[in-house]
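Keeping their order, the protein sequence lines are chains A and Y. With numbering that gives the first Met the number 0, you'll find the first sequence wraps up at 414, consecutive numbering, no jumps. With numbering that gives the first Met the number 0, you'll find the second sequence wraps up at 123, consecutive numbering, no jumps.
Some chain A residues judged to face chain Y by a derived CB distance under 8 Å, without partners named:
1. Ala119
2. Gln165
3. Ala166
4. Arg167
5. Ile168
6. Pro169
Below are the DSS-like pairs computed for lysine-lysine, each with C-alpha atoms no more than 30 Å apart in a straight line:
7. Lys72(Y) to Lys95(Y)
8. Lys95(Y) to Lys162(A)
9. Lys162(A) to Lys72(Y)
10. Lys72(Y) to Lys122(A)
11. Lys162(A) to Lys122(A)
Calculated from the structure, these hints are not laboratory results. Just so it is clear, CB atoms sit at the ideal spot from N, CA and C, and this is done for glycine as well.
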Amino acid sequence: MDDHHATVESVFRNESGRIIAGLIRVSHSFDLAEEAMQDAFAAAVVSWRAEGVPANPAAWITATARRKLIDYARREQTRRNNEDQLLYEHVLRSHASEEEMSRPFEDDRLRLIFTCCHPAINKEAQIALTLRTLGGLTTPEIARAFLVPESTLAQRLVRAQRKIQQARIPYEVPSPDRMPERLSAAQAVLYLIFNEGYSASSGDNLVRRELCADAIRLARTLTELMPDNPESMALLALMLLQDSRRDARSSRDGQLVTLEEQDRSLWHLDQIAEGTRLVERALGRRNVGPYQLQAAIAAVHAEARTAEETDWKQIAALYGILNASQGSPIVSLNHAVAIAMSESLDRGLALIDDLGSTGELDSYHLYHAARADLLRRLGRNREARESYNRGLALTTNAVELRYLRRRISELDVLP
Amino acid sequence: MRYMMLIYSQEMETATPQARSVVAAAHRAVLDETQLRGILRAADPLEPSEMATTVRVQDGGVVVTDGPFAETKEQLAGYYILDCEDLDEALAWAAKIPTGCAGAAGCVEVRPIRQMPARVPVNG
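Isolated chain A, as found in the complex (with noise of 0.2 Å):
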């Protein structure tokens, strides 16, 4: 690839969320920023080629950007429509200070987090609009991302941008009193992108790379800008920690591996550490919630050399916790695991057999699947081949049939 054309392309990569942040700001308006910003690029493209890459190109596309954008708004304010007027005055006034617009706000990309993440759109479009505005993806890579069509996908943003424009969704950092909820919606949006990119699903690797990318940037980013929550913080951390693991936790073949067979020095020691970091200092704050539980929970994984070293019991007991502040059959099923194996089997497959006997994990493939893993150290093989059955008929996910299948394959060979 041409060196200018790099450049372009990490420009955009790394720092389109900033330089659309700054341009919604002094356009009020989603679409003009957007594509004032690609026209910026695309001119990026012809003039870097013929005069060179400048010293400061994340600068040069924000004033070209600017540019456009009073383009657009002398040619709107022919049409002189009242709003357009207004907009067209406004980023003549703004022009002013074009020194500052090439030094961004922090606090745009902040507005925009929570503009994304605003409630009164809907969860995939909150997702879709944060990836597209401050992810830097193309909305082909998130479609593909989520194997959702393009169009639908283009439909989605389309619609979540106009809601913004007409009910007029604030571009602002909410107030104090909304605070505590809007950060733990954003918080929810950032972890379901990240979850997206680490689950084992099929769709486009690469593509599946970037969204945990970019979604521990954004952890990042709001870490950054709020410094002093401990969820933000805890949340980094745990992204860190689970995506350390990333080059483990398949092999070459695209099977499964779980955290027990992981070869542990594949491990990405720079993320566990810094991850650790974050978890102690949120933990630190002596104010607990469920991000900086689940972090401390990989963090005693991680901690441990091998599996066998895992301290399951302080695992126990932070899941205990959680289960206790933030109870789902999910959490309890995983507080049964730790429990199995930092106490007993038969104490934990007790409680895992309670769990179901409500019924309400009977199609959760993963119950039937830890169920039939301490059924396996427990010797137990027929039954536990019956209950990885019943796991392998409830998923769809190839990866994780691969693995089941695996199991069931290996107790074949045991009487």
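Following the hints, complete the assembly by docking chain Y onto the known chain A.
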């Protein structure tokens, strides 16, 4: 920006006078406060949906039917029109509007009112 708050509630014939007066007081509080701030543009309660008549012009004819356009558990019971800075402000007001005689049975739909170009009055 003007927003219309559409109140949907279950129509409770059986609500006690006490329950009704609690709802009425909550409405009064919203009315007073929005009026004081100068953002109240309109607000009205509606008669129950069994008082509704639906008119549909189709195939050149007029079809009149008894009842609301859709039989749903929650029916349009009233509305507010408030002039708010943005959606967040509108949502905050909507949360204060009581939704039913029984208390919580219902919801408020918040819709921005479309801006239309000013019309020139017919007779000057």
